[in-house]
Amino acid sequence: MKLYEIAHSRAGDKGNTLTLSLIPYQETDYPMLCSVVTAEAVQKHLAEIVSGEVVRYELPNIHSLLFVCQQALLGGVTTSLAVDTHGKTLSYALLAMEIEVTKE
Amino acid sequence: MKQKIRIGCGAGFSGDRLEPALVLAEKGELDYLVLECLAERTIALAQKRKLQDPSKGYDPLLERRIGLLLPTLVKNNVCLITNMGAANPVEGARKIISIAQQQGIKIKVAAVTGDDVLINTSPDDPALETGKPLSQSGELVSANAYMGIEGILTALERKVDIIITGRVADPSLFLAPMIHAFGWHTDNYDLLGKGTVIGHLLECAGHITGGYFADPVKKPVDDMAHLGHPFADVFPDGSAVISKVAGTGGIINLQTAKEQLLYEVINPHEYFTPDVIADFTTVQLKEIGHNQVKVTGGTGKVKPQTYKVSVGYKAFYLGEGEIAYAGPSALERAQLAGEIIYTRLKDLYTDIRIDYLGNNAIHRTNFGHESVPYEIRLRVAAKASNEAAAALVGEELEALYTNGPAGGGGVRKMTNEVIGIVSTLIDRDKIRPIVSFFES
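Residue numbers (the numbering used here), protein chains in the order written: chain A, 1426 to 1529; chain B, 3 to 442.
Take these hints with a grain of salt, some might be off.
Here are the simulated DSS-like pairs of lysine-lysine, each with C-alpha atoms no more than 25 Å apart in a straight line [stated by the list, open to error]:
#1 B/310 <-> A/1439
#2 B/415 <-> A/1513
#3 B/58 <-> B/110
Pulled from the structure, derived: some chain A residues nowhere near chain B, Cβ distances all over 12 Å [said to hold, decoys possible]:
#4 1434
#5 1461
#6 1463
Treat the hints as calculated values from the structure; they're not laboratory data.
Every value quoted in this text rests on a predicted model; they were computed, and no experiment measured them.
Ideal Cβ positions, reconstructed from N, Cα and C, are used throughout, including at glycine.
Full structure from sequences and hints, please.
Structure below.
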């Protein structure tokens, strides 16, 4: 299934850096997301969008993950030639990621 | 000491809607209303306007926002704090005074300046992003330091009705009234961290009330058309309850609060502002009622010894054009048009981009989901060194009417001088906020 089924996300930008939150609708899904949605998995999924490093932060206090993606916005909001210069729509690129889960 | 203050946020960016702030001022029972209207590039564009006319350079919507809000703010004794001063807070303050005089209202206004550090910025200073001298980016047009709470605190002590600033870190607009009301020490970084968390949750206004959150399939939100903006009841221990005016549209819940807490955060362990380095990994959120989220926790450590400076530079002229195709072979005809345009333009620009809107343009990929769109829009963008060269992009798009594939239509074309932004750091001791006072 897609991440979209079980989680929501908001994208943010700082210069050429893209931030993507990943927040499960059910807080009980947080440990599963931690094990499945690794920085490496997100890097691979967004390979055509993000050319730099992807760092993942875990926030168990709010049962959420944060991905910080370098070199992701064609130079950054002010000088990018992209249609979406901020990368604001990219939250849904993350949510388009397919994951395999074994639901008990 | 007060036991509670209520701070509303009635604008989260320069172009935000006007009405939600009026609802907050009328019915929110606020102590303070904050209007956050300044993005990174907004101030560089404002500097351009100030260069053309020294009496301008404040937010272009200032007159409309103040004209609408002022009678209600005064009637309900709400103190307004805003960064609508942009590149020219003093002229912004004078404009507010003249609006008050027209409305026959007596007010005191403070303008906070000192953020403009263009004369202290050397083209040889290194850019944070690249480590290379700023001059390599282009001709510098503006340099504004992100100031903190200091100037706003000075103004609050003088009991003014409106405080208008230039570049101030967004959370500082909210943190200053908390410090003022509760007598927090400005080296109590734990409390400053908590207050910064509350400011960050509020600073994008509708972001925490369901704006930029709603998804009719997975995250339905009621009455988006009348989306209310938020307020926080803040307590002396640095906790708060985020809510909104009853009867307004939108929703405040754990999901909206979590999305906003992480918005534009580069490192949740160390969220840098001029006032504190806040830690978001200790924040606790709890739904305590309908449209009520309680915020506790959040911590902080000593503020950085440098200010971040946003530097605007002349980057390039953007040339852009679009043409639409629909029906059988729409994508193939658009792709042929793209190839023709690319061949005609490729030797004229160093950076040119061809997108197929409706196929793979927005995310720059469609993850292999190839489909046959009924309609498609070709979009071409290029970086040019002058306006005439930029205009050629749209001219070539338009010329496809008689020199391109069959059935193209709906051409749009535009050019724009692009101001780029890079960052650098400046020592704290080089910046002193200046507060000027005005009365109607």
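Tested hints:
no.	hint	in the structure
1	B/310 <-> A/1439	holds, 13 Å
2	B/415 <-> A/1513	holds, 23 Å
3	B/58 <-> B/110	holds, 21 Å
4	1434	violated, 8 Å
5	1461	holds, 18 Å
6	1463	holds, 18 Å
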